[in-house]
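Enquirer: Below are the chains, spelled out letter by letter.
There are 2 protein chains.
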Amino acid sequence: MKMKTLGKVALAVAVASLLSSNAFAKEKVYKWKLAMTWPKQLTPLASPPQKLAKIVKEMSNGRLIIQVHGKNKHKAPLGILDMVKLGQYQMGHSGSYYWKGKDINTLFFTSMPFGMTKAEQTSWFYYGGGMELMQKAYKKHKVYSYPGGNTGVQMGGWFKKEIKSVDDLKGLKMRIPGFAGEIMAKLGVSVTNIPAGELYTALERGTIDALEWVGPGMDIKMGFHKIAPYYYTGWHEPASEMQYLVNIKAFKKLPKDLQAILVTAMKYTAYDMYNENFDASANAWVKMKKEYPNIKVKEFPLPVLKEMKKANDELIAKLESKGGLTKEIIESQRNYMKKAREWTKISEYLYLKNMIALEK
Amino acid sequence: MKMKTLGKVALAVAVASLLSSNAFAKEKVYKWKLAMTWPKQLTPLASPPQKLAKIVKEMSNGRLIIQVHGKNKHKAPLGILDMVKLGQYQMGHSGSYYWKGKDINTLFFTSMPFGMTKAEQTSWFYYGGGMELMQKAYKKHKVYSYPGGNTGVQMGGWFKKEIKSVDDLKGLKMRIPGFAGEIMAKLGVSVTNIPAGELYTALERGTIDALEWVGPGMDIKMGFHKIAPYYYTGWHEPASEMQYLVNIKAFKKLPKDLQAILVTAMKYTAYDMYNENFDASANAWVKMKKEYPNIKVKEFPLPVLKEMKKANDELIAKLESKGGLTKEIIESQRNYMKKAREWTKISEYLYLKNMIALEK
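Chains as they are written, first to last, in the numbering used here: chain C, 3 to 362; chain R, 3 to 362.
Looking at chain C on its own, in the form it has when it is part of the complex (with noise of 0.2 Å):
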């Protein structure tokens, strides 16, 4: 061989040794695709994730892409658990409680009835044993969960009569999904499902009498309060946390660091939705007051609140009685909501009592 070959050879076994050491493997770009329940524009549901998107690409140096698809693009708004679990996608984002049918434990990770407020459930989520138990539930899907946005109290709902009474809501027809509707179905509500396009048209001509949304920053733009009166505050669901997944295998694939980056960016944008809707409601709020006066915010009179509850304690001892993990969530959620109320009743809430009962 001549010395000019050697030297050739040399460089080129330089060069390979340089691009696949750890320098160079780290450059490698892994592209995901992330699916959404909601259209793009829905936000601030759909703000997570497009956030995320975005921080993630720039704290990786462009080495993780990760593409968001809204529902207009996959079809499959109720479809995202099992679309991460096969793997089609390699992330989610959607809510926990949208799964019972197919896994009764995926139902209490969103929000409870009667439930914990924003503050002691991501407190119970990162400190209480909630991730752990979380985890362990989505296990058998092959994906991790992780909290991924808070709407805070969600309102009770639009009613276009007043409830004085039980007796007010026997036969009453109204919409309002999941394990709330089923509360309201043992009051002997007519609970009804109805597309949210065609929600307002229902409302109008009376196909419904009432529905529950979200909040003032999501329902301004349904316009409800233009046609039904009395907006009643929550009570079913007080906290709803939305849900990242994520395909385990995809997951373990990623260089560590990126493993950080991902996992910092899904706590960062979940933090970040509940002040952004926050901010949302707090400014459509004043706006729906401003435009139309005569909306009456109005409070479930406590003996209807009673009733609502004692059916919430029925179906819950039902699922409790389940045993296994589903039991183990339960308790968890009980226990840890039983000393944090006691905290929250002396800071946050005696707090805002005096400070409102200083605006007299």
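Check each hint, because a few of them may be wrong.
Note: identical chains are not told apart, hence a pair may lie in one copy or across any two.
The list that follows gives simulated cross-link-like pairs (lysine-lysine, DSBU-like), each with its CA atoms no further than 30 Å apart [unchecked claim]:
#1 162 with 341
#2 312 with 251
#3 320 with 102
#4 162 with 340
#5 329 with 362
#6 291 with 59
#7 340 with 292
#8 162 with 300
#9 341 with 42
#10 53 with 102
#11 73 with 329
#12 308 with 347
#13 102 with 77
#14 329 with 308
#15 340 with 53
#16 166 with 355
#17 341 with 53
#18 329 with 355
#19 35 with 166
#20 33 with 59
#21 312 with 355
#22 291 with 340
#23 138 with 254
#24 228 with 347
#25 289 with 340
#26 188 with 172
Please keep in mind that the hints were generated in silico from the structure rather than gathered at the bench.
Being a predicted model, the structure only gives us computed values, none of them experimental.
Keeping the supplied structure of chain C fixed, place chain R upon it in accordance with the hints.
Expert: Same frame as chain C, now just chain R:
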């Protein structure tokens, strides 16, 4: 030149070119130092920077290393702003209101008496113009300021005697620093400051009659509940936000990806501290009540709160009359709180009110 030499030169050139390429430049390790006002073990106040250092190292794959110094190391707990400004430390972690003597505009970014709750204030920071005003205030100090973790509602303090009227405050010896101390002084309280290590003895021996600290999570370590039976609810620090400081010059020298990693890590660890403290307070409060069942939670009577509020409003009016940025910040906070509180009232507040009514 012989071919052998030429080969070696080519190899050297290729290697040098690779080493100076973007891929390798990004491998440069940045070693930073962060000074905290607190000792390292004073969690949860001291938690955010220590978590930040850990996740920044993971996310940057070791390219940004932040060494965290507690107050026992740098011996200047109230000199953090100066040290970061001068570049002795690239970062700091403290409380913005500590610099009010130096620059009154820094007062408003921790928490204000009768002010916003955690949800309201964080929404103001990120969605209501608060961040922009904070950067404006800190620009002349050549640092960026970011939220650094929130305690939520701080308790009104431990009192040896019950406060039944404004008269009971006259001549009362109390440790309560800062702006709240000025309010108490206006009501006739003899306000003193005493180092943390001497507080227990001062309260026990009657050198002081009352003191405020933080909340159950941090108070329990101090032992005040053993010697003062009345625990008053909060009014003066409804949502104390700690503060990250970053030297602007140092920040600008970081590559864009490390800047993004640092900013996300600051925001995430700040959010997280609130829940760490919430959980610590919930647990400590259970423990305190169990061990000392005679602790009495008290609210200041409304006439007392009214006098405090009056004194507060007079002090704020005096600050506002300075005009400029001071007036701009006060107006921004007042306007945001006004609309935010309307939403808080019909969501979080009425939810809690009804849940508490159901307990009875």
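Enquirer: Next step is simple, just say for each hint if it's right about the structure.
Expert: Quick rundown of the hints versus the structure:
1. 162 with 341: between (38 Å within a copy, 26 Å between copies)
2. 312 with 251: neither (43 Å within a copy, 61 Å between copies)
3. 320 with 102: Within. Shortest intra-copy distance 15 Å satisfies the 30 Å Cα cut-off; inter-copy 57 Å does not.
4. 162 with 340: between (35 Å within a copy, 29 Å between copies)
5. 329 with 362: Between copies, since 26 Å is at most 30 Å while 46 Å is not.
6. 291 with 59: neither (41 Å within a copy, 49 Å between copies)
7. 340 with 292: between (39 Å within a copy, 14 Å between copies)
8. 162 with 300: Intra 12 Å, inter 42 Å, cutoff 30 Å: intra-copy only.
9. 341 with 42: Cα proximity of residue 341 and residue 42: across copies only (28 Å, versus 38 Å in one copy).
10. 53 with 102: within (28 Å within a copy, 35 Å between copies)
11. 73 with 329: neither (34 Å within a copy, 46 Å between copies)
12. 308 with 347: So residue 308 and residue 347 pass the 30 Å test inside a copy (20 Å) and across (22 Å) alike.
13. 102 with 77: within (20 Å within a copy, 55 Å between copies)
14. 329 with 308: Within one copy only: 24 Å inside, 48 Å across.
15. 340 with 53: between (34 Å within a copy, 29 Å between copies)
16. 166 with 355: Both: 25 Å inside a copy, 18 Å across copies.
17. 341 with 53: between (34 Å within a copy, 26 Å between copies)
18. 329 with 355: between (35 Å within a copy, 28 Å between copies)
19. 35 with 166: neither (49 Å within a copy, 62 Å between copies)
20. 33 with 59: both (10 Å within a copy, 23 Å between copies)
21. 312 with 355: both (27 Å within a copy, 18 Å between copies)
22. 291 with 340: Close across copies (14 Å), not inside one copy (35 Å); limit 30 Å.
23. 138 with 254: Within one copy, since 17 Å is at most 30 Å while 43 Å is not.
24. 228 with 347: For residue 228 and residue 347, only the inter-copy Cα distance (22 Å) is at most 30 Å; the intra-copy one is 35 Å.
25. 289 with 340: The answer is between: 13 Å across copies meets 30 Å, while 37 Å in one copy does not.
26. 188 with 172: within (10 Å within a copy, 58 Å between copies)
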